[in-house]
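Line order of the protein sequences matches chains A, B, C and D.
Residue 58 in this note's numbering sits at position 58 of the first sequence, with consecutive numbering throughout.
Residue 157 in this note's numbering sits at position 157 of the second sequence, with consecutive numbering throughout.
Residue 23 in this note's numbering sits at position 23 of the third sequence, with consecutive numbering throughout.
Residue 60 in this note's numbering sits at position 60 of the fourth sequence, with consecutive numbering throughout.
Careful, some of the hints might be misleading.
To be verified - Straight-line Cα separation of at most 25 angstroms, BS3-like style, residue types lysine-lysine; simulated pairs:
no., chain 1, residue 1, chain 2, residue 2
1, A, Lys240, A, Lys285
2, D, Lys2, A, Lys476
3, A, Lys204, A, Lys240
4, B, Lys131, B, Lys153
5, C, Lys134, C, Lys114
6, B, Lys169, B, Lys131
7, B, Lys131, A, Lys334
8, A, Lys8, C, Lys48
9, A, Lys131, A, Lys153
10, D, Lys134, D, Lys162
11, A, Lys8, A, Lys120
12, A, Lys334, A, Lys204
13, B, Lys476, C, Lys2
14, B, Lys8, D, Lys48
15, A, Lys204, A, Lys169
16, A, Lys285, A, Lys120
17, B, Lys240, B, Lys285
18, B, Lys204, B, Lys169
19, B, Lys476, C, Lys134
20, B, Lys169, C, Lys134
21, B, Lys131, B, Lys120
22, B, Lys204, B, Lys285
23, B, Lys285, B, Lys153
24, D, Lys48, A, Lys476
25, A, Lys285, A, Lys131
26, A, Lys153, A, Lys120
27, D, Lys134, A, Lys169
Claimed, not checked - Each pair of labels, with its calculated beta carbon distance range:
no., chain 1, residue 1, chain 2, residue 2, range
28, C, Thr110, B, Ser193, 17 to 23 angstroms
29, C, Ser21, A, Gly97, 54 to 60 angstroms
30, B, Ser193, C, Met1, 58 to 64 angstroms
31, A, Ile435, C, Asp156, 56 to 62 angstroms
32, A, Gly97, B, Tyr86, 56 to 62 angstroms
33, A, Gly78, B, Tyr86, 48 to 54 angstroms
34, A, Ala480, B, Arg322, 42 to 48 angstroms
35, A, Tyr348, D, Arg85, 19 to 25 angstroms
36, D, Asp119, A, Asn197, 26 to 32 angstroms
Said to hold, decoys possible - Listed below are several chain A residues computed to face chain D (Cβ distance under 10 angstroms; list not exhaustive):
no., residue
37, Gln235
38, Asn427
39, Ser431
It is worth saying that the hints were derived from the structure and are not from the lab.
Built from N, CA and C at the ideal position, the CB exists for glycine as well.
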Amino acid sequence: MQTGPFNKILIANRGEIAVRIIRAARDLGIPTVAVYSDVDRTALHVRYADEAVHIGGPRPVESYLRGDRLIDVARRTGADAIHPGYGFLAENAEFAGEVMNAGLVWIGPSPEAIATMGDKQAARSAVRRNKVPLIPGTEAGMPDEELIYAARKIGFPVLIKAVAGGGGKGMRPVQREEDFAEALATARREAESAFGNGDVYIEKLLLGARHIEFQILADAHGNTIHLGERECSIQRRHQKLVEEAPSVFVDLDLRERMGAMAIAAAESVGYVNAGTIECMVDRDKNYYFLEMNTRLQVEHPVTELVTGVDLAKEQIRIARGRRMGPTENLLEPKGWAIECRINAEDPYANFMPSTGQITTMILPTGPGVRVDSGVFSGSEITPYYDSMIAKLITWGETRSEAMLRMRRALSEYRIMGLKHNIPFHINLLNSISFIAGQFDTNFVEQRFNMNTYEQRPTTGDMETVAIAATLYAHRKRRLASQVVAPAKRDASNWKWMGRFERMHR
Amino acid sequence: MQTGPFNKILIANRGEIAVRIIRAARDLGIPTVAVYSDVDRTALHVRYADEAVHIGGPRPVESYLRGDRLIDVARRTGADAIHPGYGFLAENAEFAGEVMNAGLVWIGPSPEAIATMGDKQAARSAVRRNKVPLIPGTEAGMPDEELIYAARKIGFPVLIKAVAGGGGKGMRPVQREEDFAEALATARREAESAFGNGDVYIEKLLLGARHIEFQILADAHGNTIHLGERECSIQRRHQKLVEEAPSVFVDLDLRERMGAMAIAAAESVGYVNAGTIECMVDRDKNYYFLEMNTRLQVEHPVTELVTGVDLAKEQIRIARGRRMGPTENLLEPKGWAIECRINAEDPYANFMPSTGQITTMILPTGPGVRVDSGVFSGSEITPYYDSMIAKLITWGETRSEAMLRMRRALSEYRIMGLKHNIPFHINLLNSISFIAGQFDTNFVEQRFNMNTYEQRPTTGDMETVAIAATLYAHRKRRLASQVVAPAKRDASNWKWMGRFERMHR
Amino acid sequence: MKYVTIINNERYEIEIDNDGSVLVNGELRDVDFLNLGGSLFSLITENKSFEAVIDDDEGRIAVMMRGRLFEAQVLDERAILLIQRRGAQPSGSGEVQAPMPGLVVAVTATVGQKVQQGDTVVILESMKMQNELKSPVDGVVASIHVEAGQAVDKNDLLVEIKAAASETST
Amino acid sequence: MKYVTIINNERYEIEIDNDGSVLVNGELRDVDFLNLGGSLFSLITENKSFEAVIDDDEGRIAVMMRGRLFEAQVLDERAILLIQRRGAQPSGSGEVQAPMPGLVVAVTATVGQKVQQGDTVVILESMKMQNELKSPVDGVVASIHVEAGQAVDKNDLLVEIKAAASETST
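Please put together the full structure from these sequences, using the hints given.
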């Protein structure tokens with residue numbers, strides 16, 4: 001069933017999104033079943049759910065991707081609905097179909113909508129019927145000479161994209177016509193070797209473009225609305241790092257037009273449940289449909305904070321066949337919200353993922369601060385899953401208040417035991433371009449890095465670091481050489497050290 | 001100065017309220033100076049402030065109450081304003097005057113307003129001029145025969161109150177006229193021995209009354225507004241435990257009338273800055289002025305969540321001589337907010353305070369959850385200060401959503417190493433009377449306790465507890481007797497134990 | 001290993017075998033019991049997930065689960081035998097200790113006085129509040145070790161009460 | 001004890017006396033330095049309050065403060081002498097280890113090849129991402145211990161690079 005009554009939800013996911021869904025279900029009074037792999041026994045989603053079932057090994061193919069086991073666990077525990085979260089099986093039309101065939105409610109759109117939007121060309125055809133603007137480009141399967149002709153017609157620069165690619169893989173920009181033939185040959189070769197499929201298509205390369213997406217909500221009673229936009233241009237290797245709602249770039253007129261377009265795109269596949277229309281918007285505010293994500297997004301909290309709508313709860317309501325809570329498009333967001341994705345990756349070492357145990361964690365709290373996370377002091381970050389450990393979200397009456405609160409929250413947040421990207425976010429929040437709202441999707445990769453701070457450290461900070469480093473080395477050296485006899489006035493500056501250590505024994 | 005420009009704030013407080021003020025100042029870009037006693041060196045307010053100065057011993061009279069040292073520290077660090085928080089010197093008119101005499105800005109109302117509102121009789125006289133309704137009662141200093149005559153006129157039941165009492169101390173209810181003479185004699189004796197002052201006055205004893213208070217904001221430009229009410233009837237020994245905004249008991253008409261009364265009360269002393277008018281409201285919605293708190297309240301966050309106004313920031317703005325942000329009375333709160341005070345006290349042992357180190361703390365997070373706290377895993381709760389360790393605040397579109405989120409957040413919150421009152425709050429949030437909004441200020445003491453749960457534990461829960469207790473004892477016994485040889489299938493149920501312990505070594 | 005566990009006057013016979021399997025009143029239960037550090041435990045039984053804080057104090061085990069405190073007595077075979085043989089036992093320690101540092105405001109009991117469980121014997125001021133310390137047992141005040149005005153440290157012995165012997169249920 | 005501490009090419013002469021007092025370039029500083037557990041430290045100097053995460057790796061001390069990473073070299077008298085005497089030292093280890101468990105996707109270097117610091121030598125897939133592991137030094141590839149398709153554990157040695165000797169500033 002796509003919609004209908006249910007009384008217990010199996011959550012086919014892990015990490016912060018599993019916790020997020022448990023919370024939504026608990027707020028609605030619906031019991032939940034968590035599933036877990038070998039390495040997730042102590043994870044918060046297992047501990048916060050009403051029931052928890054072990055489903056296999058740590059690798060996703062052994063557990064979270066085992067659709068058969070998930071449906072089996074739902075049957076055994078009496079769960080009559082499955083929420084897929086995001087990632088894993090969330091956009092797997094086949095699994096959605098199997099869930100429905102098993103007589104369970106799938107908390108998401110229909111398998112047909114997932115399948116259509118999951119196929120680039122099918123999605124383009126579908127939305128084109130509803131007059132949704134698309135980035136000028138070609139279809140797949142064209143021979144070289146037709147592609148060259150098409151590229152000339154679209155106008156350079158263009159982007160050659162592998163049909164089988166995705167997430168930024170298999171893309172090649174071409175600036176000038178004379179480079180096209182060689183680039184095409186290389187692109188086909190690479191696509192063949194990487195994806196076993198040399199088929200490519202081309203698209204107009206947008207300059208200074210932003211990634212802006214619209215939140216859609218549609219119920220089974222024929223209502224489809226949008227809840228405004230999210231600004232997601234702060235990316236690295238096509239991975240979003242920071243999201244905002246609303247976007248500095250979107251005025252009321254653009255929001256009305258893009259919102260109507262987003263609703264038309266969703267309606268083109270008879271969409272029901274929460275979804276996102278991703279767009280590229282160029283400098284001149286021309287906007288183009290990119291793709292539709294047929295699930296809850298990682299960045300959904302920023303929309304929640306400026307609308308007051310709990311999107312995970314709305315997903316459940318809609319799947320139960322009820323009318324959704326909000327009934328009108330969101331044209332005037334309440335305040336401003338920013339999300340920073342806190343990842344276990346080292347911004348000083350090319351964002352290399354980091355694994356290990358979180359030995360200490362002090363969360364930022366206080367007014368305007370929300371943390372969505374599935375970890376705790378003692379959690380192990382394993383290499384089996386993605387590197388996101390938490391989402392830090394702040395709200396303010398204005399963008400400036402939201403940013404100041406984010407800065408403050410980042411400075412309070414302590415995570416130890418592994419490398420994380422909080423320094424990246426602190427540096428970004430100090431960047432004049434970011435503060436001024438002047439950035440596009442290439443900003444992080446082309447114009448921002450961890451070695452060039454826009455403000456130099458002060459002399460005072462440098463000296464403080466020198467003192468700290470020296471006292472650290474001095475102390476370590478003393479411990480190593482077992483110098484235990486304290487000098488007569490040694491207590492003065494070190495008194496607290498001893499006191500604290502006594503306290504924490 | 002009462003208002004004027006300043007560039008650095010000294011925070012004459014500790015704990016969560018010091019952290020709260022640091023956050024507000026940081027969001028405004030103003031540097032802060034923290035002060036700390038011997039036992040607070042590692043506290044978050046010391047670590048989050050820009051500067052920190054040690055001011056003395058652990059007992060408040062040696063440090064946080066040393067007005068001379070606080071002013072001296074402000075001078076030395078170049079702080080040109082002092083925020084007192086709540087408690088300690090916050091309502092000390094003399095200190096406020098000294099701060100202003102030292103050429104510093106006092107972030108609070110004038111010493112005159114503090115002094116007037118700090119004296120029961122003076123406060124009653126002041127607000128009476130502005131036609132603020134008072135609980136029928138007598139003045140202080142009356143002889144016995146006049147008091148008896150007055151009590152008869154007011155009508156029984158009445159309350160005999162010690163002039164020098166406060167916070168619930170020195171009060172004695174009298175139900176019937178024939179008991180009055182003896183009760184009066186006892187009350188005078190007790191007041192004499194407890195406060196060195198046998199003077200008493202009497203007041204009408206209200207039945208089924210609620211404690212409802214109004215948040216006032218007034219700037220130096222002649223603007224005074226209210227931001228709606230807070231429901232604070234959930235108390236024990238006159239200590240608030242749970243607060244809400246708005247109150248289920250207050251409709252728009254009552255809010256308008258009480259709000260106007262609250263503004264009139266504040267204006268009666270020319271009040272500037274944030275303040276609270278505390279009232280008693282009887283079953284018939286008659287309301288009476290109780291007192292004015294001339295500072296930020298512990299429970300201010302519930303107002304913040306239903307107004308979007310950051311009260312600590314407004315305090316600073318007003319003290320700087322600027323116009324306050326909000327300009328209109330709050331008649332329609334946005335959603336609902338509830339605060340639970342998380343105290344280090346054992347609800348199973350007569351709310352006995354508990355001290356010690358917080359060994360583990362897992363904070364509740366996610367949508368609609370705010371935590372205001374000054375502690376962390378590793379913090380020491382000492383006997384020198386009050387027992388509040390955190391404020392847990394939830395917001396929802398409706399009271400029911402806010403309560404469900406509070407239940408969920410309470411169930412996620414883990415504090416170990418000392419006793420705390422989270423079980424009290426969980427029990428309260430399961431109480432039908434509380435859920436239905438049917439309670440008065442006597443509810444906790446007279447009709448609610450930890451031994452009579454409204455719902456019995458289920459058979460399943462009981463069996464689970466039995467299993468857990470037995471496995472715990474079994475394991476402890478095995479460890480004690482050093483039985484190390486594992487049986488052949490011993491890994492089956494215990495495998496995770498070993499795994500987890502390896503992980504956390 | 002066989003145990004008798006008593007909670008809120010309910011009696012459970014629980015058997016834990018060497019292979020880790022658990023039987024409750026003779027029925028096998030699927031149990032995964034795991035320490036999460038300190039006194040925090042996770043228990044998954046028949047797929048139900050529970051978290052509990054478990055502490056013990058002189059043989060009484062306190063289990064805090066779902067916001068509720070349960071007191072459990074876990075008796076092994078030897079303890080069951082002992083109780084069966086003896087029939088009765090003293091009902092616990094009669095020591096009143098300071099639960100935290102503070103100032104003794106008043107001692108409200110006198111040596112030789114008969115007290116009931118729950119009677120206030122000392123008033124201790126700490127954390128800005130006056131706390132009534134109560135007798136843990138029915139009995140007679142045997143000795144008093146403090147006086148009003150005295151500062152005490154955590155766990156200082158304040159008053160000793162000689163417990164009256166009482167019946168014990170098994 | 002006298003130290004020379006180098007941060008971002010700035011040089012600080014820091015003296016820590018037995019009484020705990022700290023002199024920076026000859027000037028006395030009021031310093032309260034305190035471990036908060038693990039690698040978290042609080043430092044209050046001249047009333048300014050700082051929090052820093054401090055770790056060290058083979059003599060290099062990494063200080064993360066106010067969202068910024070500083071690399072410090074703390075040289076004691078012996079180390080200063082040693083450097084003055086030798087004039088130059090090899091510029092660090094040339095071992096490329098697996099920073100986490102994963103699957104080797106490709107080895108992009110060959111034995112005997114000259115590499116520059118920052119050149120990719122191995123591509124490792126982990127956490128759903130392909131990670132380029134780079135040479136930490138300028139030098140020549142001395143040995144390769146893995147091949148494409150091989151699963152590796154954390155800290156496994158993948159490639160060794162013989163570092164070219166370089167000048168070192170003191």
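Open item on the list: Hint compliance check: list the failing hint numbers for this structure, sorted ascending.
Closed with: 6, 7, 11, 12, 19, 29, 34, 35, 37, 39
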